[in-house]
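Asker: Residues per chain are reported as follows:
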Amino acid sequence: GQNIDQPTEMTATEGAIVQINCTYQTSGFNGLFWYQQHAGEAPTFLSYNVLDGLEEKGRFSSFLSRSKGYSYLLLKELQMKDSASYLCAVGETDSWGKLQFGAGTQVVVTP
Amino acid sequence: DAGVIQSPRHEVTEMGQEVTLRCKPISGHDYLFWYRQTMMRGLELLIYFNNNVPIDDSGMPEDRFSAKMPNASFSTLKIQPSEPRDSAVYFCASSPVGGSGANVLTFGAGSRLTVL
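Protein sequence lines, in the order shown, are assigned to chains A and B. Residue numbers for the first sequence follow the numbering used here, beginning at 1 and rising by one. Residue numbers for the second sequence follow the numbering used here, beginning at 1001 and rising by one.
None of these hints come from the bench; they were simulated from the model. Ideal placement from N, C-alpha and C gives every residue a C-beta, glycine not left out. One or more of the hints may lead you astray.
Pairwise CB distance ranges, derived in the manner of DEER restraints [said to hold, decoys possible]:
1) LYS81(A) / PRO1008(B): 27 to 33 Å
2) GLY1028(B) / LEU46(A): 33 to 39 Å
3) GLU41(A) / ASN1051(B): 27 to 33 Å
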């Protein structure tokens, strides 16, 4: 099984940087995913890490440390449209298709 | 591609009634997932299929829930009888076979179920 922890809510100002941390405990690990979910909408894929290190995609970056069971999502140059819930999800080795999601971190961007 | 298509988008029913939710995955995607999302429990995996075969249904709450995938382009999630605690948003998602290792899910818009 898996246990995934992330903060409930974070608030930041437009143009700033926010880092969302995610820690996990898993019996088998097959990748760490970040999804974005706007209110009333479906989750959409943001990033994927399977090896240690940083993956950068424009304003968004994701980092993984497998030995520490730790990941973070970094959002730079925040825009109002970035206000959303950010979900950390872990894939399992013994069940390739299966993703376990964290509860999500609500990011509120203020002017 | 039109993406993952779910219907109905909203359903309001009374306790005890049967509810059927429908999903059409993206063409060519071999995996189909049913998730349920509530404020209290977040996004929970109910069941998933690979090539129309159920692989893991350990998340299905109880016998009142059943899911089928009769062919590669259609799946149903049925609740019979429904109860107020089943009220949630039910998401269907699909993903392609994972040759590269990255199981990227594409979600449908969801079916919001309210059981009175």
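Asker: Does each hint fit the structure? Answer for all of them.
Answerer: Hint-by-hint comparison with the structure:
1. A beta carbon spacing of about 28 Å between LYS81(A) and PRO1008(B) agrees with the range 27 to 33 Å that was offered as a hint.
2. At roughly 23 Å, the beta carbons of GLY1028(B) and LEU46(A) sit outside the given window of 33 to 39 Å.
3. The given range of 27 to 33 Å is respected by GLU41(A) and ASN1051(B), whose C-beta atoms sit roughly 29 Å from each other.
Figure legend: structure checked against the earlier numbered hints; the only hint not met is number 2.
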